[in-house]
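**Q** Below are the chains, spelled out letter by letter.
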Amino acid sequence: MVSTVSSAVGHFVDREAISCFDNIEKRYGDEDGVTTTMIKRLNDYRQNFEVMALAGGLGVLAGLGFIVRDLVRILPNRDVPVPVDLADVPHEVLLGGTAAAQATEAVIRVSELGPVPYTAVLTAALLPTLVLMLVAVCFAVLGRSFASGDFFAPGGLRAMKVTSITLVFGSVVIPTLQVMAANSALASVGVHFGQRMGTDWVLFAAGILLGTVWYAFRRGARLERDTEGLV
Amino acid sequence: MPTEDDGRVHCRLDELLAERGMTLARLAELVGVTVVNLSVLKNDRARAIRFSTLTAICDVLQCEVGDLLVVTPRQ
Chain U
0 MVSTVSSAVG HFVDREAISC FDNIEKRYGD EDGVTTTMIK RLNDYRQNFE
50 VMALAGGLGV LAGLGFIVRD LVRILPNRDV PVPVDLADVP HEVLLGGTAA
100 AQATEAVIRV SELGPVPYTA VLTAALLPTL VLMLVAVCFA VLGRSFASGD
150 FFAPGGLRAM KVTSITLVFG SVVIPTLQVM AANSALASVG VHFGQRMGTD
200 WVLFAAGILL GTVWYAFRRG ARLERDTEGL V
Chain B
0 MPTEDDGRVH CRLDELLAER GMTLARLAEL VGVTVVNLSV LKNDRARAIR
50 FSTLTAICDV LQCEVGDLLV VTPRQ
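These protein sequences, in sequence, are chains U and B. Position one of the first sequence corresponds to residue 0 (numbering that gives the first Met the number 0), numbered consecutively onward. Position one of the second sequence corresponds to residue 0 (numbering that gives the first Met the number 0), numbered consecutively onward.
If you are wondering where the hints come from, they were derived from the structure by calculation, not from laboratory data. It is possible that some hints are incorrect.
As the list claims (entries may be wrong) - Chain U residues, not near chain B, derived (Cβ > 12 Å throughout): (1) N76; (2) L126; (3) T165; (4) G228.
Stated by the list, open to error - Restraint-style ranges between C-beta atoms, simulated for each label pair: (5) B/G6 / U/T198: 48 to 54 Å; (6) U/R218 / B/A24: 33 to 39 Å; (7) U/A61 / B/H9: 25 to 31 Å; (8) B/L53 / U/L129: 51 to 57 Å; (9) U/T198 / B/Q74: 55 to 61 Å; (10) U/A220 / B/V70: 25 to 31 Å; (11) B/R25 / U/N47: 38 to 44 Å; (12) U/T226 / B/N42: 29 to 35 Å.
Note that the Cβ used here is the ideal one computed from N, Cα and C, for glycine as well.
Can you make the complete structure from the sequences, with help from the hints?
**A** Here it is, written out as structure tokens:
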């Protein structure tokens, strides 16, 4: 009997993932090793989700730190560091005075930027951090709802959808803003060479992937709703 | 698609069990459905029922679907 219950529980866990940790523990908890191991495994999953939520929260805090750092660097509008892409005009440099290397990126420092270049530089610096913070928030929300056993919580679905759309838009907007900022900074120091426009394909792929996961979760939520109250 | 008419289906499981002197637990055992699910059905909290569940209940209680489920008139 005990082994039947244990195998039924094991089967339930594998097929349905984990939907209600506490109920399983109360309903099927027994003294034999198999079920105890299974309950331990469930609790481990829950701990993983809690760690996921915690990591998301820490990501948000780290993002806030980066934003403050960038604001401190940029807001005074003096010696503002602006990354510049040198891929089209690579520069030879000597590392340590002996090793020859090719620089494809550089940071120039500019001061007294006009309102438009200043806005472009500020936005280009802050936007990647904001996007990463949004991803961290999404992780935190999902981790929290997974840990509570509610895999299809509306909050989690919304977070996934918003993050996915932001990642796809960010994959185009962030590189564009960075090129605008670099061009503005170069123009302000009287240097002119074109910056290459591009798309951040990693962000784009991440956005599309998250969008696909969101779609699957949305279908799951619908199925869950449909089977609610089914006997 | 859920509508406001969902709550108009009344399950007469209580009465059928009383007529037969059978408990919900015994019915659950015979039908192969959990007591929790039968309780949901008995208290009109079910929103859908599988044909297999319906058939099994009717077989055990020796009744028709219409004896088990009735639609209450609109108020």
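**Q** Flag every earlier hint the structure violates by its number, smallest first.
**A** 4, 7 and 12
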